[in-house]
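Based on the hints, put chains S and L in the right spot on chain F.
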Amino acid sequence: MQYEAVIGLETHCQLKTKSKMFCGCANEFGAVPNTNVCPVCLGMPGVLPVPNERALQLTALTGYLLNCEVPGFAKFDRKNYFYPDVSKDYQITQYDFPSTTTGHVDFEFGDGIERVRVTRAHIEEDVGKNNHFAQHSGVDFNRAGVPLLEIVSEPDLRSADMAYEYLNALKDILIYGGISDCDMEKGMVRCDVNISVRPKGEEKLGVKVEIKNMNTFSGVRRAINYEVPRQIETLESGGTLVQETRRWDDVAGITESMRTKEHAHDYRYFPEPDIMPLKPDETWLAEVFSHIVELPLARKQRFVSDYGIPAQDADVFVGNVPLGDFFEQAVEGAKNAKAIANWVINNLQACLIETGTTVDELKFEPAAIRELVAIIDAGTISSKGGQEVFAALFENGGSPAAIVEARGLAQVSDSGELDKWCQDAIDSNPDPADDYRNGKENAINFLKGQVMKASRGKANPQVVGETLAKLLKG
Amino acid sequence: MLHELTLTGLTAKLAAKEVSSREAMQACLERIDAVDGQVNAFMSIDRDDALGQADAVDAALAKGATHAGQPLLGVPVSLKDLFCVKGQPVNCSSKILGDFRSPYDGTVVRKLRDAGAVLFGRINMDEFAMGSSTENSAFGRSNNPWDLERVPGGSSGGCAAAVAAQECFGSIGTDTGGSIRQPAALCGCVGLKPTYGRVSRYGVVAFASSLDQVGPLTRDVRDSATLLGAMAGHDPHDSTSVPTEVPDYVSELGGDLKGIKLGLPGEFLIDGIDPEVRAAFDAAVKQCEELGAEIQEVSMPHTEYGVATYYIVATAEASANLARFDGIRYGDRVDGDDPFSLYCNTRGQGFGEEVKRRIILGTYVLSSGYYDAYYLRAQKVRTLIKRDFEQAFETVDALITPTVPAAAFKAGEKMDDPLQMYLSDIFTISCNLAGTCGISLPCGFTSDPKLPIGLQLIGKPFGESQLLKIADAYEQATPWHTERAAL
Amino acid sequence: MANNDFDIHYVANLARIALSPEQEARLAAQLGDILGYVKKLEELDVTGVEPMAHAVPLANVLRTDEVQPSIPQEAALANAPKQANGLFVVPKIVE
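Residue numbers (my numbering), protein chains in the order written: chain F, 1 to 474; chain S, 475 to 961; chain L, 962 to 1056.
With the rest of the complex left out, here is chain F (with noise of 0.2 Å):
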C-alpha cells in the first residue's frame, strides 16, 4: 500500500521588540541569569500585565504577510500548567480569538510554487529556561516574557524536504517583515512537528504524533524523514500507533516516546481578566501596514519577470535587500539589465564585504553603474578598462565619463591610427603573419597583442581584429 505523510508545523519565533511583551525588562539575548528580570516576569505576587504594543503591531504585521484575516476583536486568555520555568504557572497567550485567522504562505518546491494555509498566528510569553545538572535543575527567567508568536499551520505539509522549504520560507518572510531575527542559534525559533500517516486517496487523517521544541529547522527535516518510516512501517507490520507526544533525539537520529510520568493535560483556558480585550481600529491597522514590505518570494518573481535577469541573481537580490534595491536604481531605463546585475553582483558586492561598507556609504550613485555599461557597451572603453572606471567609482566617486576622460581610457576605433598600428604589426612580425594568410587562423591573436600593446590597451579590440584581418587578406 501507498502511504502520504501528512504534517503541520506550530512554529514560535521571538518577536524583535525592545521589551519584553507584559513589562518594561529588556527583551535581551544572553544575559547573566535572572538580570533581565522584575517582579511581573517573575510572576511575584500582586503583579499585573500591561501588553506591548509594539509586539501587537508586530503580530498584526505577520498576519497581513502571511495573507491573514486580522478580526477586529481579539483577546488574551491564560493557559493553565504547572511547569518549574512558568512564572505564573499560567501562560497568557490566544486562545478562541487570536489576533490573526486564516492566512497562507507561498514557496517555492521543487519546480514549482507550493502553499501552505496557515491557520493562525497569535502572540503569547515566551517561558523561562531550565538548566539540568546531575541531581537537580536551575531556571533562568530572563527569557519569561518575551513576546513570542506563534505560527500554527494546516496539515498541508507532505514531506520533510517541504517542511524545510516551508520553514525557510517563513523565516525569510519574517526576517524581511522585520518581525523577527529568526537567530536559530539564540534560539528565537521552535517548532513542534505534527505527523501522521494515511493510505495514499485517503481523506481520514491518521494517529497524530506530535515531536515538541525542535530548534533547528534541519532537525525537523531529519527527524520527520525517521518518523514516517516509523508509522509506515508500524503500519505495515499490523501495528498500531497512538496519540503522543514524541522527543527527536538528535545524536542517536530517532524519536522516542516522553515517557514522562502521566499528568493530565488540561490547560483550562479562559479570558485573562488583567487584560483588556484588543479591537484594532483602521487608523491603527493603516499605521501597521504602512510599514509592509515585499515578500521574498515576490520579490524574486518581479525582478526576474521586469528585469529578465536570472533566477540566481535575483535570489542574491532577494537575499541582500539594499543591493537589490541599488540595482533596481542602476537599472532604471537601461538597456543591458544582466550586465548591471554582474556588476553589482560581482564588482560592487564583493568590494563591499571586502571594505566591510554598506550600500549606504557609497560615492557615487547607481546611475553610474548605468553610465558605466552603456559606455562598455558602446564600445568607448574595454572591459578592462571598465574594472579600472569601477574601482576608480568606488574609491573617490565622481561619473564614469569623466574618469574615463581623467585617464585617458577611451577606446581607438578611429581607422587612420589603427590602420597604422595594424600595419605595423604585420610588418614586423611576417611568420605569424604568413602563418595567418596560410589559413591558422589563431595566428592573427599574436598580432592583435601587438597592437593592442602599441596602443597600450586603448585601441578597441574588436576593430583591431577586424582590420588586422582586411589588411592580411589584402
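No wet-lab data here; the hints were simulated from the structure.
Please read all numbers here as calculations on a predicted model, not as lab measurements.
A virtual CB, placed ideally from N, CA and C, is assigned to each residue, including glycine.
There is no bait here: all hints are sound.
Computed cross-link-like contacts, DMTMM-like style, restricted to lysine to aspartate or glutamate with a CA-CA straight-line distance of at most 20 Å: (1) L:1043 to F:85; (2) S:854 to L:1003; (3) F:129 to S:812.
Listing some non-contacts, in silico: residues in chain S with all C-beta distances to chain F over 12 Å: (4) 529; (5) 748; (6) 858; (7) 919; (8) 954.
The following block gives chains S and L in isolation, referenced to the frame of chain F:
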C-alpha cells in the same frame, strides 16, 4: 484621647501643629498595646519603620508641607496583609508565603505615601481574602470589638476591627464579594468598595482579578472620601484601571437628599433577614425619605443568582491567580522528588482548607467538559446581573439595601458549612459582579447583645462622589457612627 | 451540569494540591453541595447573552515598547527557597 479622633479630626490637629505625626503614631501603638491582645487585628507591626515615617512627615511639616497638597500628611493608616510594600513581608494571612518580602511597592501604597500617609502594620484577614469572618486566617481569627466572641466579618475583618477598636485612623482593605462592606457592617464602621477600575490593583495580591477592588475602612464617610481621593486614579501598571478623572470627593460632601432617587430592590428584602436588621433598615429608608430622597421600588430579577455566579467566576480566576504560590521562586517550599510532588506538597501544606476548597472548585469549573456548563454560563449570567443594575440606574441614583442579613455571628458558627457562609454575602456580591461602587455605613444596633447593623448604598459606575454625598447626608442626620465599642 | 462524576482526586492533582484521604472525602462532600447549589444557574435562559469577562468596557490598553530597569539578581532571588549560580533551583526536571 488622640486615638479617638477621626482621620479628618486628626488632620485638622496636624495642620494646626497641635499634634505631631509621631504623637499620632505613638497613640495608635499605645492603643494597639492596650487592646489588640483582645481584638487581634494586627499580625505584625514594624514600629521603628512606622515611627521613622512619622518623623519624616514631621520634618516635612516643619519645613512647610501642607495638607492642601498632601491630604494624609502624618496620618497613620494600616494595610490589609495583601498589599505589597517594598522590603516588608506580605502573607495574605497564609502560611504558604513563608518569610516572603516584597521586592516592590504597589501603586496604592505609593499613592498613599505620596499623599503623606504613615503606612503601618499588616492586618489580619481571611487567607487570600477568601472568607467572611477572618476565621480562615492561618494566624488565628480577629475578634469583633463589640463582642469578642463574635467574628468581625471578612475578609477585611482585621481592618474593620482595627478601625472600630480605634487602633488606626483608617485602614485599607479589598472587596471581591463584600470583603470591605460586610466587615464594616459587622464592626460598625464605614466601608467603601469603589467602582472596578477606580483604584489600581497593581501590588495587591489578587483573589479574583475581575472582581477585586481596593477601598478604605474608616470611622465616618468624610474619612472614606479623603482616603478614596488619595488612592483613586488611572495607573499605567494596571490595564484594567480606568482613565476617568478623580473628583474632589471631600469638597462635594454636604447638603441633603433633595432630588435624589433611591431604589429599593424587592429581591434583596427576602425572608431570612434578621428582624432587628430589617427594622433598622426600614428606619434608615424612612430617614432618607425625611432628608428629601424619593424612594422607588426597583426590580433586580437576577439577584438570587448572584452567589452561584460569584462562586464560579471568583474561584475560577483564583485557581489561576493562586497557581504561582508553588514554592519555586518564593514562599515555604515542601520538597518532593520531582516538581510535581514539590507542587502538591507545598500547596497541600501551605494553603488552608477554604483556599484549597475554592482552588479545587475553580479548577473544576474550568476543566475540560465543564467549562461551558459552569464558567461560560456564569459569565453570561453575570451579564444579566449587570443589566439589572443598568436598568435600575436608568430610574434611580442609588440602591438602598441592608449590607448583610444579620449582625455578627459567633465564631465557629458557620465553619462547618461553607455554603451557608457563602450565602451570607448575598447582598454585597452582585455589586462586584456588576463592577459598580457600594458603601456600608452604620444604621443602628441590635439590642442584646449590642451589635452594629450596616446600611448599604450602591451607586452608579464611577458615581462615588454622589454615593459618598448620600451616605454623608444620612450619617450627618444619625448618631450611629459616633458610637464606639467598649474595650 | 452533571456533577455526580466530580473526581476530587483528579481535580486536586490538576490544581497540584496534595490532600489526605480524610480531606478528600470532606472536600468532595462540601463541593458536591456547592455544585448542587450552583445548578440554580440552569434555570436561566442565557441564549444569545454575551459572556462578561471584564467589569468595565475598556479595549486596547497597551504600553509603549520601552525598556524599564529590571531588578538586580540578588533581589530576584532574595525570596527563593533554594538557589545556586543565579538560578532558582528545583528538583530535577525530566523532559
